[in-house]
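I would like the entire structure built from these sequences, with the hints used as guidance.
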Amino acid sequence: MSTPPCTPCGPGGPSPAITVKRGDSIDWHCRVQAGGPGGGLPLDITGWSIACQLRSVQRNAAARLVHEFAPAIVNAAAGQYRLSASNAQTAAWPAGLAALDVRYTDATGRVMHTETVAVLVCEAITR
Numbered sequence: 001m002s003t004p005p006c007t008p009c010g011p012g013g014p015s016p017a018i019t020v021k022r023g024d025s026i027d028w029h030c031r032v033q034a035g036g037p038g039g040g041l042p043l044d045i046t047g048w049s050i051a052c053q054l055r056s057v058q059r060n061a062a063a064r065l066v067h068e069f070a071p072a073i074v075n076a077a078a079g080q081y082r083l084s085a086s087n088a089q090t091a092a093w094p095a096g097l098a099a100l101d102v103r104y105t106d107a108t109g110r111v112m113h114t115e116t117v118a119v120l121v122c123e124a125i126t127r
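The sequence shown begins at 1 in UniProt numbering and counts up one residue at a time.
Below, in silico cross-link-like pairs of lysine to any residue (SDA-like), each with a Cα-Cα straight-line distance of 25 Å or less: (1) K21 / A72; (2) K21 / R127; (3) K21 / R55; (4) K21 / D101; (5) K21 / S84; (6) K21 / F69; (7) K21 / C122; (8) K21 / E115; (9) K21 / Q89; (10) K21 / R64; (11) K21 / N87.
Quick list of simulated restraints, FRET-style, between CB atoms: (12) G96 / C30: 20 to 28 Å; (13) T126 / A92: 12 to 20 Å; (14) A77 / T19: 31 to 39 Å; (15) E123 / P42: 31 to 39 Å; (16) A124 / D44: 36 to 44 Å.
If you are wondering where the hints come from, they were derived from the structure by calculation, not from laboratory data. As the structure is a computational prediction, the values presented were derived from the model and not from experiment. Glycine included, each C-beta is placed from N, C-alpha and C at the ideal position.
Right, here's the structure in full:
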């Protein structure tokens, strides 16, 4: 991912962790792990449900739903799942700052959320 040529929040605004160009295909491979990012052991997510929404982040406005991902569990024992969006879906996303998190509900009904991730949606230069 490269640095985008747009900064919708201006100086001192939130720094995006992920940049997506409108019209890109997304296929994010994710893993649930114990012990925090980068150093944890995979958790078995058998029987879990996973939800993820991308919402616009606009000053003085309610966070509008941009995309509802349909997480696909790839390997439950290894805690692996995928979040995908087609190029047609991302082409419809509004340019600007957005945010997402992932909600996990384990087999006992306990609900957990990830940290919020900033996503900067930019126009593609090459068309």
